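J.: Below, each chain spelled out in residue letters.
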Amino acid sequence: MPLKWVFNWQPNAGSTVNSQILNEVSQCVESINGVKEGRWKATLTYYKPMLRDQALAAEFPRDFLGISLPEQPNKYYFILRGHKIVLEADSSIQLIMEKLQSYKSRVALNFEGFQYQLGDFQLRVGKVVPTHSENLRGIVMEQVEYLPISSLEKSRQLMEEFVDIWQDAVSKRSLPGHFLHIEPNFSDYGLADHYTSQHTAVQYAHVMAQLIASVQAGQAARN
Amino acid sequence: MECVVQGIIETQYVEALEILLQGLCGVHRQRLGVHEICLKSGPNLGFVASEVRLLCDIEQAEPTWTVKHVGGAMRGAGAEQISVLVRSMVESKASKNVLRLFYALGYKVDHELLRVGFTFHFQRGAPITVTVSSVNKMLKLHATDEAVPVTPGIQLVEVTAPATSENYNEVVAAVSSFCEYLAPLLHLSKPGASTGVVPTAAAAAASLMSDGGGTTL
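Line by line, the protein sequences are chains D and W.
Numbering follows the working numbering, in which position 208 of the first sequence is assigned residue number 226; successive positions increment by one, without gaps.
Numbering follows the working numbering, in which position 116 of the second sequence is assigned residue number 118; successive positions increment by one, without gaps.
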């Protein structure tokens, strides 16, 4: 399982994310000889409980989300960040949730864009947009390492060296923000050092939390 | 979707049933050990109550989990006439923390069972699974070591086959015709419509045990 770090674009205070930044980032990958390989797409859904009495909403998790990842097309992942649970299931679990009629989709987001090959690494840059809409809500980047190392600890130095090169290239463009990678504490979720797709799912859940926090901070600043 | 019929057999005739199944299917039996946890939505969750089953296969060195949802039976005049139940069924494998997830979502344990026995998987007009098991209940939560039979001396036989809305007629026919071969030992019918044990079981079992299943019934 190739090891992966997921980043989200953190706009500077007072600025917002826009498609011009996404274009510049894509150009930036090409400027350091990234070879475009094709498109990628992941889908994330926030679920909300179906309640007869909305006053009881506090009894149920608000951060229940599901993710489908392009590298695992037959799997689906549920994450409850508050409870520190990540579950891997077959994609048919979505049909079971539909039949149970206890939770329904509150909002669904697509992560989509191009992937590039850069030496031993793959970079995926993508926009975050609600399904059936083109409103840009964020920018994410996946940095994937191809080398046969599945240990988070053993690969850390290699990953960091590449991040330095990449951040250096991005900073030359004086964009109003930067890519941020905050590694979740995987052991809280019962995940080991050996990288799996469940680690990716947890990273996406944390990236979404950062993204929501930065949008809220931006709104608060404007108000 | 799946097609399903059920029946019961006295434990003393299970060995004969196994010989018969072995002869009919041409495959070896597989051991069955499943801890089944039936969950129901808490009182405030969902506009209608919902139910989901978590099946833990304890025969594996590392137990594996499956989430199973059994939906309503197909209805209508056509469904009434056939002797096999056709119902919606969806399964998904899941990682081992699936019970924790459903607890966190607001589901609670309604009851749990331990099924111990054997299964035969084979192809006969459709991929058919025959499960012969003793159904046990737990006196304490999750205490599978202290399970006691729900109906001592009686085992449950279930014949199932996956189906789709396009092919269920053929699957029903395949299941029905297979059930006829088991008729001397047990009667299979739609779940919930059990007709009890059959009077010919003792004679059929004696015949099977004496010739090792070589005789065509």
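It cannot be assumed that every hint is accurate.
Okay, the calculated beta carbon distance ranges per label pair [as the list claims (entries may be wrong)]:
1) His212/D / Pro129/W: 55 to 61 Å
2) Gln38/D / Pro129/W: 53 to 59 Å
3) Asn169/W / Lys54/D: 55 to 61 Å
4) Glu171/D / Asn169/W: 17 to 23 Å
5) Ser49/D / Glu168/W: 27 to 33 Å
6) Ala239/D / Thr146/W: 34 to 40 Å
7) Lys42/W / Asn92/D: 42 to 48 Å
8) Thr146/W / Gly32/D: 26 to 32 Å
9) Gln119/D / Glu64/W: 20 to 26 Å
10) Glu82/W / Pro20/D: 50 to 56 Å
11) Glu77/D / Glu148/W: 38 to 44 Å
12) Gln119/D / Asn169/W: 47 to 53 Å
Below, a list of computed lysine-lysine pairs in the PhoX-like style, where the Cα atoms sit at most 20 Å apart [claimed, not checked]:
13) Lys22/D / Lys117/D
14) Lys93/D / Lys54/D
15) Lys42/W / Lys142/W
16) Lys102/D / Lys70/W
17) Lys93/D / Lys110/W
18) Lys42/W / Lys93/D
19) Lys98/W / Lys122/D
20) Lys139/W / Lys95/W
21) Lys102/D / Lys59/D
22) Lys22/D / Lys66/D
23) Lys139/W / Lys122/D
24) Lys70/W / Lys95/W
25) Lys98/W / Lys110/W
26) Lys117/D / Lys110/W
27) Lys117/D / Lys142/W
28) Lys95/W / Lys117/D
29) Lys139/W / Lys117/D
Just so you know, these hints were derived from the structure itself, not from any lab.
Note that this is a predicted model, so its numbers are computed, not measured.
Where is the CB? At the ideal position from N, CA and C, for every residue including glycine.
J.: Any of the earlier hints contradicted here, and which numbers?
T.: 1, 3, 4, 5, 6, 7, 8, 9, 11, 12, 13, 14, 16, 17, 18, 19, 20, 21, 22, 23, 27, 29
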